[in-house]
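Q: Protein chains in written order, with the working numbering: chain A, 32 to 408; chain B, 32 to 408.
In short, the hints are calculated from the structure, not lab data.
Certain hints may be false.
No distinction is drawn between identical chains; accordingly, a pair holds when it is met within one copy or between any pair of copies.
Here are the simulated lysine to any residue pairs, SDA-like style, with alpha carbons at most 20 Å apart [as the list claims (entries may be wrong)]: (1) K302 / P233; (2) K213 / S269; (3) K213 / R271; (4) K302 / L230; (5) K213 / R274; (6) K58 / R203.
As the structure is a prediction and not an experimental result, all values here were calculated from the model.
Number of protein chains: 2
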Amino acid sequence: MTPSGDIGIVTPVQVHFDEPLELQSGKILPEFDLTTETYGVLNADRSNAVLVCHALSGNHHAAGRHDPTDRKPGWWDLHIGPGKAIDTNRFFVVSSNNLGGCDGSTGPNTAQPETGQLWGPDFPQVTVQDWVRAQALLADHFGIATWAAVVGGSLGGMQALHWAAHYPDRVRNCVALAAAPKLTAQNIAFNEIARQAILADPNWFSGHYQREASTPTRGLSLARMVGHLTYMSADGMSDRFGRDISESSDGSQSEDEMVFQVESYLRYQGKQFSTRFDANTYLLMTRALDRFDISEGFGGSLEAAMAATKARMLVVSFSSDWRFSPARSRELVDALLASERPVTYAEIQTDAGHDAFLLDEAHYAELFRAWMAQVTV
Amino acid sequence: MTPSGDIGIVTPVQVHFDEPLELQSGKILPEFDLTTETYGVLNADRSNAVLVCHALSGNHHAAGRHDPTDRKPGWWDLHIGPGKAIDTNRFFVVSSNNLGGCDGSTGPNTAQPETGQLWGPDFPQVTVQDWVRAQALLADHFGIATWAAVVGGSLGGMQALHWAAHYPDRVRNCVALAAAPKLTAQNIAFNEIARQAILADPNWFSGHYQREASTPTRGLSLARMVGHLTYMSADGMSDRFGRDISESSDGSQSEDEMVFQVESYLRYQGKQFSTRFDANTYLLMTRALDRFDISEGFGGSLEAAMAATKARMLVVSFSSDWRFSPARSRELVDALLASERPVTYAEIQTDAGHDAFLLDEAHYAELFRAWMAQVTV
Chain A
32 MTPSGDIGIV TPVQVHFDEP LELQSGKILP EFDLTTETYG VLNADRSNAV
82 LVCHALSGNH HAAGRHDPTD RKPGWWDLHI GPGKAIDTNR FFVVSSNNLG
132 GCDGSTGPNT AQPETGQLWG PDFPQVTVQD WVRAQALLAD HFGIATWAAV
182 VGGSLGGMQA LHWAAHYPDR VRNCVALAAA PKLTAQNIAF NEIARQAILA
232 DPNWFSGHYQ REASTPTRGL SLARMVGHLT YMSADGMSDR FGRDISESSD
282 GSQSEDEMVF QVESYLRYQG KQFSTRFDAN TYLLMTRALD RFDISEGFGG
332 SLEAAMAATK ARMLVVSFSS DWRFSPARSR ELVDALLASE RPVTYAEIQT
382 DAGHDAFLLD EAHYAELFRA WMAQVTV
Chain B
32 MTPSGDIGIV TPVQVHFDEP LELQSGKILP EFDLTTETYG VLNADRSNAV
82 LVCHALSGNH HAAGRHDPTD RKPGWWDLHI GPGKAIDTNR FFVVSSNNLG
132 GCDGSTGPNT AQPETGQLWG PDFPQVTVQD WVRAQALLAD HFGIATWAAV
182 VGGSLGGMQA LHWAAHYPDR VRNCVALAAA PKLTAQNIAF NEIARQAILA
232 DPNWFSGHYQ REASTPTRGL SLARMVGHLT YMSADGMSDR FGRDISESSD
282 GSQSEDEMVF QVESYLRYQG KQFSTRFDAN TYLLMTRALD RFDISEGFGG
332 SLEAAMAATK ARMLVVSFSS DWRFSPARSR ELVDALLASE RPVTYAEIQT
382 DAGHDAFLLD EAHYAELFRA WMAQVTV
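Build out the structure end to end from the sequences listed, making use of the hints.
A: Below, the structure is given as structure tokens:
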């Protein structure tokens with residue numbers, strides 16, 4: 032028995048697909064792997080499966096620990112586990128690293144089957160549609176005809192929406208947290224700045240940095256600083272850092288000076304990220320995010336896309352999220368209501384910004400748990 | 032006679048100060064120059080002088096043209112000239128490049144008097160207080176005991192506020208547009224990302240890029256992209272660019288691809304800026320901005336700082352400005368009202384974001400003109 036709420040030790044598996052996958056771009060992956068974790072037990076009817084979709088920098092490791100000494104559990108451990116919103120006492124949870132990712136699934140730092148060389152920058156651009164198609168093949172692999180729920184936040188929420196709109200008979204419940212029907216010009220601009228930071232790094236080597244035994248850590252670090260800044264709210268940052276001065280400040284203008292704590296915090300976040308994430312993957316993921324538009328395939332009509340869904344829907348936004356503001360979630364809700372789809376919507380009051388969907392905000396956690404408790408298996 | 036509203040040809044002058052200037056940091060400039068333009072005629076009483084303070088990337092060239100073939104006039108030509116808000120038929124306007132600037136005033140790319148070498152990264156950190164002290168010496172140079180008005184937007188507005196609080200007897204009217212009493216953690220974070228972009232450029236050479244016959248253009252370009260993004264509103268960007276695709280898009284992942292128009296626009300803005308601005312100056316200016324706090328010298332009390340002013344005040348904010356939002360201007364206004372200072376406040380409804388103070392927004396232009404018309408000379 033694990034302690035209440037603790038999912039314990041989990042072990043990822045490689046799920047291999049040896050059929051070619053044609054991507055939205057027309058390019059073909061001759062074969063691919065999805066690094067996948069599952070939590071809980073698939074019931075005899077295979078009716079209790081929940082797919083968790085990860086966001087930009089997430090991966091398959093959503094809950095539990097790989098080793099008892101791991102300092103941190105998976106990225107959504109607060110909401111996945113016994114008695115939590117995604118209750119592993121009831122659900123069989125599937126979480127895989129998306130195609131193009133850098134945590135084990137086929138992507139820029141895995142080998143091309145023909146040559147044995149790393150894909151690197153030659154890995155084809157993937158899209159939300161591609162990810163969902165691969166996830167559908169993963170469902171087939173597990174013999175899951177219909178997901179009890181598909182759940183995600185941010186870019187993960189966009190995958191959940193795509194599932195609901197394009198595979199309406201395979202999704203009974205859909206949760207889209209801190210998401211949007213598509214990105215705004217400002218959203219795209221932030222992603223573009225992050226990409227340019229990577230491309231400008233002298234260790235970028237046109238994406239062939241691994242071949243050069245190099246890593247564009249500064250570019251990737253800068254990209255993360257830009258991203259991280261947009262995940263926090265202005266008020267949240269003021270509360271946390273204010274104008275407090277960092278210890279090492281000496282009033283000089285040297286590169287190492289750290290005047291305000293918010294600066295050293297962001298630099299630290301950037302550096303940490305640059306040691307764990309892949310630059311080519313970052314480009315692929317941000318491009319996929321930029322290009323996502325749930326109305327694609329529905330004549331550009333958001334309402335038509337939402338009308339195609341059959342799932343019971345939960346849409347949640349966070350008051351201080353300025354990356355995908357509550358107004359963007361309400362666009363989804365309005366389109367669902369216009370089509371008389373069953374939707375629950377909540378705007379959670381919080382200073383935590385976009386990142387709130389990852390956190391243990393009290394009202395959010397309760398709402399999420401209560402709504403998921405109504406998911407029949 | 033120049034056409035109505037057109038100030039015509041203007042010529043900057045170098046105003047030299049051979050007395051040493053002790054900076055707020057304690058470091059001493061043995062001598063310095065301020066590159067300065069003036070418009071209009073100083074009256075016999077020297078009572079009609081208006082000081083225009085520039086923002087982060089501005090300079091002394093606020094109005095008119097240096098040559099009839101100049102494609103663009105000075106940066107605030109919309110509001111300075113015959114019959115405009117800062118009416119050169121009435122006022123003698125003084126506009127200088129701030130210390131540490133890169134357009135002629137003593138700064139990183141001017142020579143150190145002792146060695147003849149460029150200052151480069153060794154130019155001392157300057158502050159708003161230093162700029163205002165230098166401007167006060169400039170006033171002395173012109174024999175101006177009291178400014179009819181000190182006027183500025185953004186970082187320029189902060190200089191105007193500093194003037195009003197620290198030289199109350201030398202400022203009869205003060206205009207602070209799109210300003211704030213000090214920066215928030217989020218404001219600082221954006222500046223820090225811009226600085227990191229410069230510092231990460233391989234052509235940065237610890238700031239000695241000129242000695243290396245190099246320029247950190249990519250870093251500076253990226254810094255500007257970050258800045259520019261914060262000067263525009265999300266709605267303004269959506270209206271202007273939406274999700275329109277750039278011509279050269281080919282769906283590839285190459286460095287040159289330009290998928291969305293907002294991306295190519297920002298890249299263009301960045302490149303343009305990197306050809307005209309100096310990276311060391313950018314670091315100095317953003318640091319000065321970060322460190323500005325109008326309550327400094329007043330026991331950390333904004334109210335005490337505003338109570339020290341004697342000027343008639345105009346504070347203007349712009350509804351879609353999220354860099355220095357209307358709430359930040361209201362902090363100033365509340366402090367002025369608490370001290371029963373004479374203040375006019377307006378929040379202009381616009382989608383133009385922070386940049387609005389530079390533009391010809393109808394209500395703003397009218398208000399600015401009407402208020403300045405009440406400035407006695």
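Q: Taking the hints in turn, state whether each one holds.
A: Comparing the hints with the structure gives:
1. Taking identical chains as interchangeable, the C-alpha atoms of K302 and P233 lie at most 20 Å apart whether they share a chain (16 Å) or sit on different chains (18 Å).
2. In this assembly of identical chains, the alpha carbons of K213 and S269 lie at most 20 Å apart only when taken from different copies (12 Å versus 29 Å within one copy).
3. For a Cα distance limit of 20 Å, the shortest separation of K213 from R271 across copies, 17 Å, qualifies, whereas the shortest one inside one copy, 30 Å, does not.
4. Both within a single protomer and between protomers do K302 and L230 lie at most 20 Å apart by alpha-carbon distance, with minima of 17 Å and 15 Å respectively.
5. For the identical chains of this complex, K213 and R274 are inter-copy neighbours only, at 9 Å across copies versus 34 Å inside a copy, given an alpha-carbon limit of 20 Å.
6. In this assembly of identical chains, the alpha carbons of K58 and R203 never lie at most 20 Å apart, being 31 Å within a copy and 69 Å across copies at closest.
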